[in-house]
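Quick note, the sequences are listed as chains H and D, same order.
Position one of the first sequence corresponds to residue 1 (the numbering used here), numbered consecutively onward.
Position one of the second sequence corresponds to residue 1 (the numbering used here), numbered consecutively onward.
These are computed hints drawn from the structure, not numbers from a lab.
For every residue, glycine included, the Cβ atom is placed at its ideal position computed from N, Cα and C.
Keep in mind that the hints are not guaranteed to be accurate.
With beta-carbon atoms standing in for the labels, derived distance ranges [said to hold, decoys possible]:
{"no.": "1", "chain 1": "H", "residue 1": "175", "chain 2": "D", "residue 2": "16", "range": "33 to 39 Å"}
{"no.": "2", "chain 1": "H", "residue 1": "180", "chain 2": "D", "residue 2": "16", "range": "31 to 37 Å"}
{"no.": "3", "chain 1": "D", "residue 1": "255", "chain 2": "H", "residue 2": "119", "range": "57 to 63 Å"}
{"no.": "4", "chain 1": "D", "residue 1": "514", "chain 2": "H", "residue 2": "119", "range": "24 to 30 Å"}
{"no.": "5", "chain 1": "D", "residue 1": "841", "chain 2": "H", "residue 2": "81", "range": "16 to 22 Å"}
{"no.": "6", "chain 1": "H", "residue 1": "241", "chain 2": "D", "residue 2": "847", "range": "35 to 41 Å"}
{"no.": "7", "chain 1": "D", "residue 1": "815", "chain 2": "H", "residue 2": "138", "range": "22 to 28 Å"}
{"no.": "8", "chain 1": "H", "residue 1": "138", "chain 2": "D", "residue 2": "847", "range": "51 to 57 Å"}
What follows is the residue order along each chain.
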Amino acid sequence: MDGTPALQTHELTKVYGEGETAVHALDGVSLGIERGEMAAIMGPSGSGKSTLLHLLGALDSPSSGQIMLAGRRYDGLGDGELTRLRREKIGFVFQFFNLLPSLTAEENVLLPALIAGRRDEEMRRRTRELLGRVGLAERAGHLPGELSGGEQQRVSIARALLTEPEIVLADEPTGNLDTRSSGDVLLLLRELNESEGQTLVVVSHDPAVAATAGRVVFLRDGRLAGEVAGGSTDRVVRALAELDPQAT
Amino acid sequence: MRSFGSLAFRQVRARRLRSLLTIAGIVLGVAMILGVLLLTATIHRTFNDLFDSVYGRTDLVVSGVGGDGVRHSTLAEVRRTPGVEMAEGVVFSIFTLVDRSGAASSDAAQQLNVAGESARAAELADARTVAGRRPHHGLEVDLQRSWADANQIDLGDRVRLATPAGVKRLRVVGLFQFSSGLDFGGQGFATMPLGPARRVMDRPRVWDEVDLVVSGGEETISRVQDDLRHRLPEGVQVETPGQKSADVESQLQGFNAILYFFAAMALFVGGFLIFNSFNMTVFQRTREIGMLRTLGAGRWRITGSVLREAALLGVLGASIGLGLGVVLALGLIELMRTLDFPVGKLSFTPFAPVAALATGLITAVLGALYPARRAGRTSPIRAVLGTEGLRAKLRPRRAVAGAALIPPGLAGAFWLGAADETTTIVAAAGMLGTLAIFFGIAMVAPFVIRPLVRALSWPFRRLFPVEGRLAADAARSDPGRTAATATALMVGLALVVAVNSLGSSFLRTISDEFDRSFARDLTVQPHGFVPGQGPQQTIAKGLRDRLALIPEAKVVARERFLFTTDLPGSPKKKGSDGLLLGFDPAQYEQVDQTDVEGGSRAQVFARMERGWVTIGRGWADETGLGVGDPITLRGPSGTRRTRVAGVVDTVVFGGQTVSMSLSTMRGAYGVTADSELALKATSAAARPTLRRRVERIVNRDYPNLAVLSNEELKSKVEDQVNQQFGIFYAIVGVAIFASLFGIVNTLTMSVIERTREIGVLRALGASRWQVRRSIADESLVIGLIGALLGIAVGTGLGYALLEGLSSGIPGVEYRPPLSTMVYVGLAGIVLGLVASILPARRAARLDVIRAISYE
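Start from the sequences and build out the full structure, keeping to the hints where you can.
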């Protein structure tokens, strides 16, 4: 492997609207995520963390600045190329799981392969493997409606991993889960990062979630506002307090 | 918002696209109703104008039953009758304009209705000479000015016209105008002096009509009418112009009823679309309605609000439909004219738009009734729960009720087919029957949707595992909605299949009969010949003998047709329409091989020579007449008592025929002109020469006639039948078009419901194209279900109608219109694809970020 970071942004800016009413949702963010890193992005609502995630995830295009995945720029690409990028290089984990209700757990995991037109045995094998990896081998044939929230999120993590993406982006992955399931899901994400070297970016406003990551990046008013090492919830909370004294 | 009541108005405004899609059905349905109402009003007006113009001052008209001539002595008899102030005899014929190249077409605009009459008879019509003078001697005519103008004929011109005596040059000495401004579908009117008219029309000793004026008012008219009916032969009818006009109207009643039937079906589809759309909207608004309920809105307020919204849409749709209806009426009138049916300029009645508006409004409210009730029953807890677990459970009771509706529906259709005449009651029964079938299917459909979707989506799921699967799931997720959408499409397609199975079964039967019974090689007949009511074009007197001189002609047989409203043998005095056929039995035997019951063909034809008659199978079944039974021919020239020589296996005119020798026909009915000539060549090898020689004579001297081989005759009949069905297809087409909007509506709804799902797919790397295809697949599945149901129901309906028909017309067999079924299937696919264009584009363009955060 070469030394290029998994994700790299340079002066990334996203402006909504024009002239007087223009809103700078993201204002010159330069950030690098190394291969094998697990990073958390934190910030209050309106800080631009969702916008940043959407840009990183190739769901949206920046107004200016550069953004690179494994050294290849994808700012300014058309819809077709962005779609392809999402399909091949990026995995998503959503707050509301977003499993298709009519597909079984196994089919949901297999979905990205089907979208890509791959129906080979290799993918099916990998699907079963991933379901085992997230501890749901027994529940493969169940519909999402028959699974608990935690189980659904684990299915969606397996889905995100199917195409062996360069990076997995998780948007408030525990935002819709109870404490126990949250713990399971966070543990799973951590393990994936530590034992398999999966690059992960987690967006959350919960210090406990962010602390799971090796590195926590703070965002405020569309700009980077500092970062601390992860691992300790206390440290994250303190960093937050320094950043925004009124909030605590 | 000023009051709760105006919530409905807000809803319509807030959902413009939905509202537009919802009312599309009403717009088209109302347009169709108005179009048909205006068409029938225009037809009514055309004939009223005709009778007003032609009969002006005339109090009574004496004519043969079905419009054939009365004896020459009738005029004197009428003049002798007390109370008759003035009476004039008239002869009629239809001439065809011959163009410079010597050709004549069957186009209505080149047909001229010519009356031969004395100078005094002009006083009886309501016409005014506007240029030149009245014709008084020789080959002179005066023409209706509008027709002369349309054909660029000027005063003083000599026009070439194909007449029963061959092509004649007539000098235009005058132009006249009817005060009603009569427009008879482009056909023109003319008069000629009596003597020359008798020669060129070949009507030497008969009157087609005797028109008279009485001295006195209404009472005298009815007294003279009674008196004349006693004095004149039984086959003569004496009617006021008003009664004559009413006769025509009643002839048209069946046709009108069928038009209304199809228009009602178009409106039914409209109502169905309203129903489906409101069902979807109410479902989508569950949370909102629940909220209104928590705020204290009662059931009736909610129901009322939904109904108000429907009423609003109904009025809106009906108003747009009115404008479109005028356009449709113009189109229908054009269509009728191409069928050579005389229709004048579009005429308005105040009743038509009011009726159309009212039907539109009522249909919209009826369609929304069930969804409105459902909305009213929404529980306040729905404000919290939303639509969770709300998908209507399928109630088997409903399927049973639906299935129970179908047999009586088919019975209604059977009755419609079996009835002799399409009276209003029969048409209503047929309509109710058809509606019952459609309702029944609509109720059963949700139960068969799941398996159908599974089967039909199989190829899509194989080809595109993701899109196909999602499409199938979407179609299955709300079987009620998919069923309703497909059912709306089914209605139109089923009617196409049913109408077509009638047409094709009939055509095949006729064509088979031609194959079986035709021993002729060629037929000579006027262009555009269709046996029917009123004066007919005939064949010039000397032609038969000229053709008989051709060495290759073995037989040239005359055929004379007379449409009558009093087919002999009926136990009822009047009212049975049918066709009288006259031919020379000895000659005809050689060109015809129709099976005859009652002895050998030679025996039967020998009996006919003696004055006996044969009757068609359908008529025999209806009257119970058999071989040897006495039968009375009541014609305007005399009454003859004779016997039935045989029963003929024919489906021509539904078997409602009576055939006789030429002399019998002349004696009883006064018919002296040939309608058609049937030729047989001396050998098969001589056929081409015969045809060439016949064509040379006909093309040079009789351009209004056509020479047809048996194959050509068959395809001509086929074309005529297809053209006549064309107008019904046009109306059904509107219903199908309306159902297209229904599919669009449902798909739009489906896209809204699947927003989140689509967003996820896009985030996971699905291309716009894949999203688009998923919507298209759902649309295709709906289209195919509609087509399949349409084929199934149409087949059932067509079979029931035809079984009914064949109870009156033995020999007609049901034949499935296979090629039409294939076309209907293809139509389902095409409609599905077309309907999906906009919703699919909308789905493909959904903003991914918003879609994944959509609740």
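Between the beta carbons of residue 255(D) and residue 119(H), is the distance compatible with 57 to 63 Å?
holds (59 Å)
Note whether the CB distance of residue 514(D) and residue 119(H) lies within 24 to 30 Å or breaks it.
violated (58 Å)
Outcome for the supplied range 51 to 57 Å, where the beta carbon pair is residue 138(H) and residue 847(D):
violated (38 Å)
So does residue 841(D) sit 16 to 22 Å from residue 81(H), Cβ to Cβ?
holds (21 Å)
Beta-carbon spacing of residue 175(H) to residue 16(D) - inside the hinted bounds 33 to 39 Å or not:
holds (36 Å)
Return holds or violated for the Cβ distance of residue 180(H) and residue 16(D) against the range 31 to 37 Å.
Violated, at about 48 Å.
Honestly, do residue 815(D) and residue 138(H) meet the 22 to 28 Å range at C-beta?
violated (59 Å)
Do residue 241(H) and residue 847(D) keep their Cβ atoms within the hinted range of 35 to 41 Å?
Holds, since residue 241(H) and residue 847(D) (Cβ atoms, about 36 Å apart) stay within the stated range.
In summary, the structure is inconsistent with hints 2, 4, 7, 8 from the numbered list given earlier, while agreeing with the others.
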